[in-house]
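These protein sequence lines map, in sequence, to chains A and B.
If you read the first sequence in the numbering used here, its first letter stands for residue 5, the second for the next number, and so on.
If you read the second sequence in the numbering used here, its first letter stands for residue 28, the second for the next number, and so on.
Keep in mind that the hints are not guaranteed to be accurate.
What the hints assert, rightly or not - Listed next, the stretches of chain B that the computed footprint assigns to chain A, with coverage defined by at least 3 CB atoms under 8 Å from CB atoms of chain A:
#, segment
1, 45-57
2, 66-76
What the hints assert, rightly or not - Keeping only pairs whose Cα atoms sit at most 25 Å apart, straight-line, the calculated SDA-like set for lysine to any residue is:
#, chain 1, residue 1, chain 2, residue 2
3, B, Lys72, A, Ala188
4, B, Lys72, A, Glu100
5, B, Lys72, A, Ala92
6, A, Lys103, A, Ala205
7, B, Lys72, A, Val43
Keep in mind the hints are simulated off the structure, nothing from the lab.
Ideal Cβ positions, reconstructed from N, Cα and C, are used throughout, including at glycine.
Okay, here's what each chain looks like letter by letter:
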Amino acid sequence: MIAFKFLALGAVGPFTGFAWPTPTRSGPGAWVEVPPESVPNRGIHACLTDDLSFWLDDELWIAELAGPVQRSSDQLISSRGRLLQRTAWARDVAIELGKACTFKARDAAARVLQGNGRATDADRLLSCSNLVELKGVAREISGPCKTDSLANLAGYVADAATFANVGEVATVTYIVAEFARASAGATAAASERAWQGRWIAERLKLPQPDARAIV
Amino acid sequence: MSTGSTQDLACKEVVELVTDYLEQALSHDERTRFEQHLALCGGCKEYLREIRSAIDLSRKLSRGTLAGNVRDDLLNLFRKWKAG
Numbered sequence: 005m006i007a008f009k010f011l012a013l014g015a016v017g018p019f020t021g022f023a024w025p026t027p028t029r030s031g032p033g034a035w036v037e038v039p040p041e042s043v044p045n046r047g048i049h050a051c052l053t054d055d056l057s058f059w060l061d062d063e064l065w066i067a068e069l070a071g072p073v074q075r076s077s078d079q080l081i082s083s084r085g086r087l088l089q090r091t092a093w094a095r096d097v098a099i100e101l102g103k104a105c106t107f108k109a110r111d112a113a114a115r116v117l118q119g120n121g122r123a124t125d126a127d128r129l130l131s132c133s134n135l136v137e138l139k140g141v142a143r144e145i146s147g148p149c150k151t152d153s154l155a156n157l158a159g160y161v162a163d164a165a166t167f168a169n170v171g172e173v174a175t176v177t178y179i180v181a182e183f184a185r186a187s188a189g190a191t192a193a194a195s196e197r198a199w200q201g202r203w204i205a206e207r208l209k210l211p212q213p214d215a216r217a218i219v
Numbered sequence: 028m029s030t031g032s033t034q035d036l037a038c039k040e041v042v043e044l045v046t047d048y049l050e051q052a053l054s055h056d057e058r059t060r061f062e063q064h065l066a067l068c069g070g071c072k073e074y075l076r077e078i079r080s081a082i083d084l085s086r087k088l089s090r091g092t093l094a095g096n097v098r099d100d101l102l103n104l105f106r107k108w109k110a111g
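Work the whole structure out from these sequences, hints included.
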């Protein structure tokens with residue numbers, strides 16, 4: 005089945021250091037295999053669209069998994085896999101993602117503030133047009149007191165804007181998912197992660213994996 | 028940064044688990060959490076890379092690659108450390 009795989013520069017596994025065989029003119033990269041009995045403790049890891057933002061790295065590849073494919077803890081695991089094609093994921097796209105996540109959290113925080121009688125704070129957040137301005141305003145609203153849950157939401161926005169502004173995009177996606185968790189619980193955090201993944205898929209026009217192949 | 032999920036690993040825990048990770052002694056879920064931490068923590072990713080490099084380098088060492096005076100110096104340092 006088709007799946008996605010983030011790798012470090014040079015098609016290298018970011019945790020294992022394994023150098024993946026890349027596609028050539030004659031076709032996809034060579035198959036990489038582990039003994040089927042070693043799955044799931046060892047295996048070929050990839051992910052579906054919804055899980056993309058957990059694994060951000062330098063390169064995003066479209067991969068093919070073969071054999072029984074299991075889904076577990078935000079990833080897919082199989083005993084065989086190969087790289088099909090490198091996507092257009094790059095630093096500038098990552099920075100766009102960080103900005104989109106941050107302003108989405110900004111809008112959500114503004115709605116909560118508005119609904120709790122703090123229209124002025126909400127309007128101040130909504131008036132921000134760039135990350136530096138948003139970071140400053142959100143930090144002012146959050147203030148030093150972390151016991152005010154509404155102010156704390158603005159704190160998440162300030163944190164996201166801070167990291168988005170320096171291009172730490174994986175951290176931004178994490179903060180915004182935690183913002184969703186703090187606002188509306190674990191389901192909201194999962195929905196946020198799925199939204200982030202869909203953003204990547206739509207931006208890069210990724211193919212839709214066929215999840216029916218998952219056992 | 029603001030508060031995180033209770034399931035998230037802290038950097039200190041990653042350091043404590045790194046040997047188990049490299050020896051493939053973590054459960055599947057533990058390893059996933061470990062790697063999810065690495066995915067967003069450049070410092071821990073670099074730490075893992077350094078540990079791997081140290082292991083790889085130490086595998087290449089043999090008795091003959093260590094000059095005699097270096098060996099003696101190291102043994103003296105070790106004895107002092109044990110005594111102190």
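Here is what the structure says about each hint:
Closer than 8 Å: that is the beta-carbon criterion, and the segment 45-57 of chain B has 4 residues meeting it against chain A, so the requirement of 3 holds. Under the rule that three or more residues need a Cβ within less than 8 Å of chain A, the assignment of the segment 66-76 of chain B holds, with 5 such residues. A C-alpha spacing of about 31 Å is found between Lys72/B and Ala188/A, which places the hinted pair above 25 Å, so the restraint is violated. Simply put, Lys72/B and Glu100/A have alpha-carbon atoms about 24 Å apart, close enough for the 25 Å limit, and the pair holds.
For the hint pairing Lys72/B with Ala92/A, the CA-to-CA distance comes to about 24 Å; that is within 25 Å, so the pair holds. For the hint pairing Lys103/A with Ala205/A, the CA-to-CA distance comes to about 16 Å; that is within 25 Å, so the pair holds. With a C-alpha separation of about 24 Å, the suggested pairing of Lys72/B with Val43/A holds against the 25 Å cut-off.
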